[in-house]
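J.: The listed protein sequences derive, respectively, from chains A and B. FYI, my numbering numbers position 336 of the first sequence as 332, with every residue one higher than the one before it. FYI, my numbering numbers position 33 of the second sequence as 29, with every residue one higher than the one before it.
It is possible that some hints are incorrect.
If chains are identical, the list can't say which one is meant, so a pair holds when it fits in one copy or spans any two.
As the list claims (entries may be wrong) - DMTMM-like mimics (lysine to aspartate or glutamate), calculated; alpha carbons at most 25 angstroms apart, straight line:
#1 K333 x D275
#2 K268 x E94
#3 K268 x D338
#4 K263 x E94
#5 K333 x E244
#6 K182 x E286
#7 K301 x E186
Think of the hints as simulated: they come from the structure by calculation, not from any bench.
Number of protein chains: 2
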Amino acid sequence: MSKMREEILQQPVALDKTLRLELRRIEKLKKILQANPPQLILLAARGTSDNAATFGRYLLEITTGIPVSLAAPSIFTLYGAKFSFKQTLVVAISQSGESTDTNLVLQRAREAGARTVGITNEPQSTLAQLAEHCFLVRAGREQSVAATKTYTGQLMMLYLLAYALGAKIQIEQLRRVPEWAERALKLEPEIRERAGRYCFMRHGVVVGRGLNYANVYEFALKLMETCYVVAERFSSADFLHGPIAMVETAFPVFLFAPPGVTWPSTKEIREKLLQLRADTLMITDQSNPEALAADRRQVIEVPAKLAARAPLPADLFTPIPYIIPAQLFAASLAEEKGLNPDQPRTLSKVTRTL
Amino acid sequence: MSKMREEILQQPVALDKTLRLELRRIEKLKKILQANPPQLILLAARGTSDNAATFGRYLLEITTGIPVSLAAPSIFTLYGAKFSFKQTLVVAISQSGESTDTNLVLQRAREAGARTVGITNEPQSTLAQLAEHCFLVRAGREQSVAATKTYTGQLMMLYLLAYALGAKIQIEQLRRVPEWAERALKLEPEIRERAGRYCFMRHGVVVGRGLNYANVYEFALKLMETCYVVAERFSSADFLHGPIAMVETAFPVFLFAPPGVTWPSTKEIREKLLQLRADTLMITDQSNPEALAADRRQVIEVPAKLAARAPLPADLFTPIPYIIPAQLFAASLAEEKGLNPDQPRTLSKVTRTL
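One chain only, chain A, in its complex shape:
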């Protein structure tokens, strides 16, 4: 079994451990932030962690109303821009904690008076030393170059951060996430079988929106780095503003199709894609009956009812269970193509850029 597949399977345990072991310090942070809430949140990350940051952007803006900006590190590291950072919370996310540019953003921000949070797997890392508050993704060392368990672990930490910032998410709800991850893993044999059909896919598109937009980037990244598929990624809305012109008969499009506010636009785009005779595959769950009514060969159904109850957005807890079939798909497709997903050509585990 590839390390990637092993690490995909470790996710329920890693999620549970992250939640349990970090909760006490999150409660402390909650008190500090309640006394003096930030007016702006800046998220800094690269690669898979940057995809987690994209999730954080949607999650934090939707559940706390605090504006969030995804840092463009070069503005600090290359152009040397000076920011005030007044009332700003800067959050750096890095699996290794050794991402040079991410760390530099955090350091500059802290020197300029920002409050800083680090999210990393490595308690001894530079990031862990630099951040005022450091939280650990308890996933154990990640050996595959393709990140999986650290991504979902980072998502869990971001739910906890939203909670610390006053979001109406209950810890009891988060405790269900490891079980949902476990259920998503039950799809393994089905997905292994399905992957064969995509063996000769050279390019494709992943589409999704809102809280699952980050998953779009993460699924595409897995397809690029482990399967060498040229995988584009778009929000459903942006896809209609131009790129849909690429789609021709049998063009592969993968869609995240959660219940809730994004479903009408996902449904609309899927209908348009069917008219264009594209080859579509939707990831959904048991709480979106309209998606389940589609041709079953075009649906991956996570065997759980994931919809959250109002006033929470229905799709709030779908991102972790939805990325798991996508990870399994990439791992299976790599094997199908005779590639080793743990050692993609050209890459190494820690990438240093400025």
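Once you have looked at the hints, place chain B on chain A.
T.: For chain B alone, kept in the frame of chain A given last:
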């Protein structure tokens, strides 16, 4: 001649007109903003205008130090998040002024107390009515579905907005931009000839960084919508964090290679791509001698010296002259492939999404 090509050729005139006719009202806005500077800028746009917004993000953060966030419209339009918008300047950019979601973001923000700016081609549009301050891109009506002159016009307006926000950009410097655009247009016959070589390209990657990162998205979008090429887009840094694994012999990669702080990383990535035997093409100008020293078949040289003098970033004025050869390339490649760049399949000029 395609409308797209006609409109590409109109850019020097449109840029000059936009600068001249909007300057007085920009001076007024400058006084208002100086009296009460914003602490956060939120940019809202879709499609090509969203690429212009990405440029605005880098430009404004680099030259003013005010944090900028690119709005994710669904957070307002679908999830209905409530923001405070205190001390926030919200800028909506839309060629038609009829982009439903962009307008809704602006409207909500204005109701919640934000100051608002609109940038559009259409003085009678909904956006022009909604925004407190509206500025017009004086490019005349754009008839091709593929936006060109409105993109560079929007970039010009963003330079003016940076000026209004206190950036050390002199209007005299901006007056040179139409001439640089004119010079870039001189590349037309050369690019028409080069395009033939790419006739059978089905996918590729566009790479760049910093102030030219927006051009990466815009070039890729033109390749997708007019040539149906599956064109990925990455910052040079993100490309190294995974996607470079896709690159194999003869894999086409287009790079924006301005002088200044981003050049060392662009150079490094190009060297890595040459080792991987990728097929590279760089867009640069006469002020980057190291880029010009490369194999000339791999270089498009804008015939002008574009480097700005310190303390301005050297690449400050490269984005408009650099996107022009990319636009010409897409228009030529579409013709080479027997496609009509003015009427991409599946698309219409105004796209409404929520």
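J.: Hints first: check each against the structure and report whether it holds.
T.: Going through the hints against the structure:
1. K333 x D275: Answer is both: 19 angstroms inside a copy and 24 angstroms across each meet the 25 angstroms cutoff.
2. K268 x E94: Between copies, since 22 angstroms is at most 25 angstroms while 44 angstroms is not.
3. K268 x D338: between (36 angstroms within a copy, 21 angstroms between copies)
4. K263 x E94: For K263 and E94, only the inter-copy Cα distance (23 angstroms) is at most 25 angstroms; the intra-copy one is 41 angstroms.
5. K333 x E244: Result: close both inside a copy and across copies, 24 angstroms intra and 15 angstroms inter.
6. K182 x E286: within (22 angstroms within a copy, 54 angstroms between copies)
7. K301 x E186: Within one copy only: 19 angstroms inside a chain, 58 angstroms across chains, cut-off 25 angstroms.
The structure fails none of the hints (numbered hints given earlier).
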